[in-house]
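Residue numbers (full-length UniProt numbering), protein chains in the order written: chain Y, 1 to 309; chain D, 1 to 390; chain E, 1 to 287; chain P, 1 to 242.
Since the hints were made in silico from the structure, they are not lab data.
Glycine included, C-beta positions come from ideal geometry on N, C-alpha and C.
Be aware that a few hints might be false.
Once the Cα atoms are required to be at most 30 Å apart in a straight line, the calculated DSBU-like pairs of lysine-lysine come out as [to be verified]: (1) Lys76(E) with Lys263(E); (2) Lys133(E) with Lys131(D); (3) Lys224(P) with Lys195(P); (4) Lys170(E) with Lys74(E); (5) Lys59(Y) with Lys218(D); (6) Lys40(D) with Lys282(D); (7) Lys224(P) with Lys59(Y); (8) Lys270(D) with Lys286(D); (9) Lys285(D) with Lys270(D); (10) Lys195(P) with Lys9(E); (11) Lys218(D) with Lys193(Y); (12) Lys220(Y) with Lys59(Y); (13) Lys74(E) with Lys168(P); (14) Lys263(E) with Lys168(P); (15) Lys119(P) with Lys263(E); (16) Lys168(P) with Lys76(E); (17) Lys190(Y) with Lys59(Y); (18) Lys282(D) with Lys131(D); (19) Lys286(D) with Lys272(D); (20) Lys224(P) with Lys9(E); (21) Lys220(Y) with Lys193(Y); (22) Lys66(E) with Lys131(D); (23) Lys270(D) with Lys282(D).
Which residues of chain Y face chain E? A partial, calculated answer using Cβ under 8 Å [as the list claims (entries may be wrong)]: (24) Thr8; (25) Asn43; (26) Ile47; (27) Tyr51; (28) Glu73; (29) Phe79; (30) Tyr122; (31) Met205.
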Amino acid sequence: MEYVNPLTGFRVDGRRPNEMRQLKGEVGVVARADGSALFEMGNTRVIAAVYGPREVQNKGQQVNSNEALVRCEYRMAEFSTGDRRRKPKGDRRSTEISLVIRQTMEASILTHLMPRSQIDIYVQVLQADGGTRSACINAATLALADAGIPMRDIVTSCSAGYLCSTPLLDLNYLEDSAGGSDVTVGILAKMDKVTLLQMDAKLPMDTFENVMGLAIEGCKAIASYIQECMQINDLNLSKIAVPTMDITQPLKSLTCCGWMAFVHCIAVHRNFLGLLERPMEYVEGPVGLLLSPKSRRPQNSPSHFVGIW
Amino acid sequence: MAMEHLRWRPTVNERDFIERALQSDLRVDGRHSFDFRKLKITFGREDGSSEVQLGETHVMGYVTAQLVQPYRDRPNEGTLAIFTEFSPMADPAFEPGRPGESAIELGRVIDRGLRESRAVDMESLCVVAGKHVWSVRVDLHILDNGGNLIDAANIAALAALSTFRRPECTVGGDDGQQVTVHDPEVRDPLPLTIHHMPIAVTFAYFGEGNIVVDPTYKEEAVMGGRMTATVNSNGDVCAIQKAGGEGVMSSVIMQCLRIALVKAADITSKIKKAVDSYTTEKALKKVKRLPTSVPQKISVTDVIMEDKGDGELEKQTVDVQQISKDPPTIVKVSSHEDAQPMTESSNAEVNTSSAVAAGESDESQEIGSPKSLKDAIKPKHKRKKKSDKS
Amino acid sequence: MVGLSEGEKHFIRGGITQDLRTDGRKRLQFRALSVQTGVIPQANGSARVRLGATEIIASVKAELGKPSILHPDKGKVSIFVDCSPTAEPMFEGRGSEELSAELSVSLQRCLLGGKSGAGAAIDLSSLIVVEGKVCWDLYIDGLVVSSDGNLLDALAAAIKVALSDTGIPKVNVSVNAASDEEPEVDVSDEEFLQFDTSSVPVIITLTKVGRHYIVDANSEEESQMSSAVSVSVNRHGQICGLTKRGGAGLDPSVIFDMISVAKHVSQQFISLLDSEIAAAEAEEAEC
Amino acid sequence: MSALAGTGTYSPAAAAGGKRRERKEELRRHLVEDADWPRADGRSFHDCRPAFMQTGPTTAASGSAYAEFGKTKVIVSVFGPRESKKAMMYSDVGADNKEYSSMLHKAFEGAVMLHTFPKTTVDVFALVLESGGSDLPIIISCASLALADAGIMMYDLVTSVSVSCFGKNIIIDPTSDEEAWQDGSLVVAFMPARKEITQLTLNGEWSDGRITNAVELCMDACSKLGDIMRDRLKDTATLTSE
């Protein structure tokens with residue numbers, strides 16, 4: 001099959017070889033998550049939701065108590081693929097992708113700022129049309145930013161392939177399953193460093209360099225799009241924002257039921273122990289919080305709660 | 001994953017020591033940054049079994065094959081599957097039973113390197129298109145985890161595949177669909193066609209730009225990121241796995257790939273040398289025709305894997321008998337049968353059965369003289385398998 | 001899991017007694033409903049339904065299959081629900097299986113009717129292509145993307161919308177096919193047949209908190225319930241299914257009262273849903 | 001624990017009828033159309049199968065019960081209360097039916113005095129030896145007897161009965177043949193002394209007034225079944241005290 005038209009140079013879906021599919025990012029799609037995002041790359045559509053930082057749920061999983069524990073689960077919806085097949089949960093492919101996404105996001109999350117806490121990233125594929133792991137990473141970046149998780153950089157991911165002697169950017173499902181090479185790259189955008197790199201099928205060294213270069217360019221384009229998205233939604237990596245859900249949810253109860261409920265929520269859900277040196281940055285919205293820098297224990301007693309106004 | 005907390009974790013001092021040493025280009029075991037540890041490849045008594053020692057890392061590879069129906073979308077190709085077995089004996093962090101994350105990742109990285117780069121010729125494994133193809137199964141047993149499992153397991157897989165011999169079979173009968181599997185005694189079994197050797201080379205990245213190849217267990221516990229590049233000596237990149245972690249410049253990645261090329265050429269020649277000396281030895285044995293004393297190269301692991309004395313006894317007698325008749329034939333009644341009853345036993349049966357016309361029905365193969373209790377219970381397995389497939 | 005303080009619990013219960021719930025609703029008032037169709041282009045029909053902070057994506061896929069020997073004149077419908085961990089961290093791994101299975105069973109009970117096929121939401125005999133040989137297998141999948149209570153009602157609504165969005169390709173069967181041979185089937189990719197969704201019911205869950213019952217409870221309110229009754233009612237006011245959920249026993253007269261309230265509320269909800277479907281379809285047609 | 005066997009029939013309203021019919025199709029037609037056609041096993045529409053119930057078939061369990069309603073035979077054993085990390089749990093093996101487990105759980109949630117066993121688990125294992133229709137209600141009734149046998153505190157015994165709907169007719173305690181042809185079904189789990197419904201499920205097509213009728217019919221049957229179960233427990237108690 002001809003994946004690149006020899007006359008026009010167009011691909012099966014009408015794109016040029018180095019053309020990316022339409023991108024769409026939307027934050028706050030899951031109301032009850034601490035951060036969430038929908039990311040579309042053409043027909044590939046994924047949702048990412050972030051819960052945390054919160055208390056470590058299963059102490060056995062905590063490897064290093066000086067850093068936040070990052071967890072990730074990748075799941076495909078039953079209807080996400082063309083042929084509907086019920087697959088068992090946690091198959092080998094999903095397990096590997098979960099691992100890859102987790103380690104990629106870990107590379108950018110400032111885990112040392114959130115000791116003894118846990119961040120859960122859940123990615124759900126709604127529609128799979130090639131490049132799901134890239135879309136998941138991009139969605140996870142947006143969701144983490146939405147949750148106000150401190151990150152050292154934006155991570156973006158894009159794939160590229162090599163078919164009909166042409167490097168192709170952002171493969172769709174048809175091109176992906178053509179049996180050619182597929183290179184998925186994840187970069188830390190500002191630092192211009194590669195954190196994720198996966199490829200299969202054989203490629204000569206210099207061709208590989210070209211294909212990887214193309215994928216990196218794709219990542220950069222996605223990074224600028226994601227930055228745009230973040231600007232529109234007033235998200236910032238450097239400023240540690242308090243996730244809006246955590247504040248507004250208990251806020252209702254605060255006005256209704258007294259401040260005890262509020263204290264409880266804050267103390268349990270936000271173990272921002274590394275951040276207590278700068279209490280003023282923690283102030284946001286109509287109700288502010290002042291946490292005493294001395295209380296470094298994550299307890300749900302209101303003892304380390306100095307005052308609200 | 002649940003056993004993650006059992007993984008060895010370096011103390012602050014150990015971590016500091018390893019990192020500080022790397023700053024001055026020193027590794028804790030005295031190697032240079034881009035040196036591999038000592039590689040030792042040995043082979044078991046049977047074709048298709050290998051044992052690789054990379055420093056303290058110890059992996060056993062074991063290849064078997066059986067006739068199966070091909071996948072519908074690839075009717076004229078055989079199949080290759082990689083299975084990994086992480087024993088808690090090798091590392092307390094390995095959970096017994098369900099494969100953990102790292103086991104799955106390892107399996108998939110090796111699978112990508114070998115299968116998707118089409119290192120093993122699959123078309124030549126086809127017997128009757130759409131009906132019978134050889135399904136090659138590579139079992140990788142991690143016996144000791146001293147770091148860099150992927151590279152060691154990859155070498156073990158390649159070495160085992162290189163020495164594997166499958167029984168020859170011919171197609172005949174009235175409808176041209178009858179498959180005859182020839183007894184290894186009658187016709188020499190055939191090796192696999194291996195187009196190229198994809199060698200996995202793992203790099204460990206540490207903060208401040210330090211890179212080493214072939215990280216040890218301790219270095220793995222300290223490193224910030226890892227990249228496994230699977231390359232062959234022709235200069236092709238077959239697979240890469242860098243699953244997140246420490247970011248590196250793309251120029252550094254290309255540099256690593258070039259280093260990997262050199263390492264791959266080196267390892268390829270080591271594997272080839274080991275395989276050559278093994279085959280020569282086998283050929284010599286054939287000439288000598290030693291009836292009684294069977295020259296064996298029994299590896300320690302072979303003994304470990306055998307769990308019941310009676311099975312071993314039976315196996316050895318079978319071996320002796322047949323070798324005395326015709327030295328090069330290798331009977332694959334493996335101790336693995338106990339570990340992997342279903343596939344292994346049906347596989348063993350293909351190999352041991354004498355030349356019986358095995359038409360479209362696999363049952364006809366089962367007629368092949370039952371030799372033991374294991375053989376006797378085979379039909380049940382067989383049926384089970386069939387119903388699974390349908 | 002909802003962790004509430006005593007004060008909050010009291011507030012929720014008190015509000016319900018006074019017919020003013022925490023979010024300002026009355027007892028028998030639904031949260032804001034938003035409907036979008038055609039969200040999964042690969043499916044034959046799909047919908048995204050939001051009920052407050054609860055969000056469901058439903059898809060309908062039709063595949064050609066063989067009818068069962070027991071019912072050669074009927075197609076097959078299967079309903080599966082999956083709860084994504086995006087909705088609740090508790091759902092990760094196998095954590096959602098129990099709830100998913102419970103929701104699937106409840107939906108099957110409400111939509112598929114009795115064993116003889118009476119009262120089914122979808123007329124199974126309309127799915128037959130060649131009797132005894134070829135029929136449509138309808139796979140209905142619901143995915144809980146975000147959960148804030150009242151999942152069952154939202155799922156049923158999403159499935160209703162997805163079914164109304166569903167187009168089944170027209171099938172031409174070659175006439176000369178001999179009776180014992182497999183008939184040749186030509187699936188059209190241009191002509192689609194719409195479903196008759198008029199008999200697809202909605203599910204109304206009445207949650208009993210204290211002495212009163214409320215519709216469309218959010219997860220905080222659900223945590224305060226003593227019991228709940230889910231009633232599925234179709235456009236004609238007929239009851240197609242009923243499940244009692246949750247702990248405490250109920251006096252029979254209370255149950256009968258709840259059923260009649262549910263019937264009343266359902267008619268309002270159906271007309272609301274219908275107008276939303278019409279609006280969503282108009283919007284989709286514009287795009 | 002000692003065991004005692006006993007049989008008893010119970011029928012809520014109508015009198016028993018007589019003949020057998022062979023063909024299912026015809027059966028169905030009759031069930032739908034006729035006012036009171038005798039059923040395959042000779043019962044009339046509102047007639048339950050004879051109930052045989054017995055406590056203590058398994059000695060290893062803290063409490064157990066066996067129930068036989070016509071062809072349906074179930075055995076339920078109860079373990080506990082015993083220490084647990086999780087809250088109250090019900091498990092169900094044998095019948096490959098997760099649905100039944102959750103239904104069983106629901107039926108008892110409101111009946112067992114959970115607060116009397118903090119931090120403990122009561123495991124209920126139900127095994128359907130032979131499935132002959134109305135399995136779930138029989139499991140529920142049998143489980144309630146087993147729980148009582150185990151000395152688990154309950155507000156009341158939970159008894160359960162199902163009915164099938166055929167056209168305009170309602171048939172109580174259906175056999176599996178009848179279940180296969182029904183238009184709709186309704187299961188009620190009931191606490192007879194408290195007059196509270198703990199579990200109610202319904203599917204299929206039901207016209208208006210019939211739900212009320214059906215539920216009332218079920219409740220009536222449940223009360224009578226409750227009396228039988230109470231007698232069984234009393235018999236056991238007398239036997240032990242002797």
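So, going through the hints one by one against the coordinates:
1. With a CA separation close to 28 Å, the supplied pair Lys76(E) and Lys263(E) stays within the 30 Å bound.
2. For the suggested pair Lys133(E) and Lys131(D), the alpha carbons sit about 27 Å apart, so the restraint of at most 30 Å is met.
3. Among the hinted pairs, Lys224(P) with Lys195(P) is consistent with the structure: their alpha-carbon atoms are about 13 Å apart, no more than 30 Å.
4. Note on Lys170(E) and Lys74(E): the hinted pairing holds, with a Cα-Cα distance of about 17 Å set against a maximum of 30 Å.
5. Straight-line distance between C-alpha atoms of Lys59(Y) and Lys218(D) comes to about 24 Å, which keeps the hinted pair within the 30 Å bound.
6. Straight-line distance between C-alpha atoms of Lys40(D) and Lys282(D) comes to about 19 Å, which keeps the hinted pair within the 30 Å bound.
7. Using a Cα cut-off of 30 Å, the hinted pair Lys224(P) and Lys59(Y) is violated, with the two alpha carbons roughly 52 Å apart.
8. Between the alpha carbons of Lys270(D) and Lys286(D) the distance comes to roughly 25 Å, so the proposed pair stays at or under 30 Å and holds.
9. Restraint check for Lys285(D) and Lys270(D): the C-alpha separation of about 23 Å stays at or below 30 Å, so the hint holds.
10. For the proposed pair Lys195(P) and Lys9(E), the alpha carbon gap of about 29 Å is at most 30 Å, so the pair holds.
11. A distance of roughly 25 Å separates the Cα atoms of Lys218(D) and Lys193(Y); the hinted pair therefore holds under the 30 Å criterion.
12. Our distance criterion of 30 Å between C-alpha atoms is broken by Lys220(Y) and Lys59(Y), whose separation comes to about 38 Å.
13. Our distance criterion of 30 Å between C-alpha atoms is met by Lys74(E) and Lys168(P), whose separation comes to about 24 Å.
14. Restraint check: the Cα-Cα separation between Lys263(E) and Lys168(P) comes to about 21 Å, which is no more than 30 Å; the hinted pair holds.
15. Among the hinted pairs, Lys119(P) with Lys263(E) is inconsistent with the structure: their alpha-carbon atoms are about 40 Å apart, more than 30 Å.
16. Only pairs whose Cα atoms come within 30 Å are accepted, and Lys168(P) paired with Lys76(E) is accepted, the gap being roughly 27 Å.
17. For the given pair, Lys190(Y) sits about 34 Å from Lys59(Y) by alpha-carbon distance, which is inconsistent with the 30 Å threshold.
18. As the CA atoms of Lys282(D) and Lys131(D) are separated by approximately 34 Å, the hinted pair breaks the 30 Å bound.
19. As the CA atoms of Lys286(D) and Lys272(D) are separated by approximately 21 Å, the hinted pair is consistent with the 30 Å bound.
20. Between the alpha carbons of Lys224(P) and Lys9(E) the distance comes to roughly 40 Å, so the proposed pair goes past 30 Å and is violated.
21. At roughly 11 Å between alpha-carbon atoms, Lys220(Y) and Lys193(Y) fall within 30 Å of each other, so this suggested pair holds.
22. Under the criterion of a C-alpha separation no larger than 30 Å, the hint pairing Lys66(E) with Lys131(D) is consistent with the structure, at around 25 Å.
23. Taking the CA atoms of Lys270(D) and Lys282(D), the gap is about 18 Å. The hint holds against a cut of 30 Å.
24. Against a cut-off of 8 Å between C-beta atoms, the interface hint on Thr8(Y) is violated, since the closest Cβ of chain E lies about 25 Å away.
25. Because the beta carbon of Asn43(Y) sits about 7 Å from the nearest beta carbon in chain E, less than 8 Å, this interface hint is met.
26. Hint status for Ile47(Y) relative to chain E: holds, with the closest Cβ pair at about 5 Å, below 8 Å.
27. Contact between Tyr51(Y) and chain E, as hinted, is supported at the beta carbon level, the nearest pair being about 5 Å apart and thus within 8 Å.
28. Hint status for Glu73(Y): holds, given a least beta-carbon distance of 5 Å to chain E, under 8 Å.
29. The interface hint given for Phe79(Y) holds, since its Cβ lies 4 Å from the closest Cβ of chain E, which is under the 8 Å cut-off.
30. With a least beta-carbon distance of about 4 Å to chain E, the hint placing Tyr122(Y) at the interface is held under the 8 Å criterion.
31. Nearest Cβ of chain E to the Cβ of Met205(Y): about 38 Å, over the 8 Å cut. The hint is violated.
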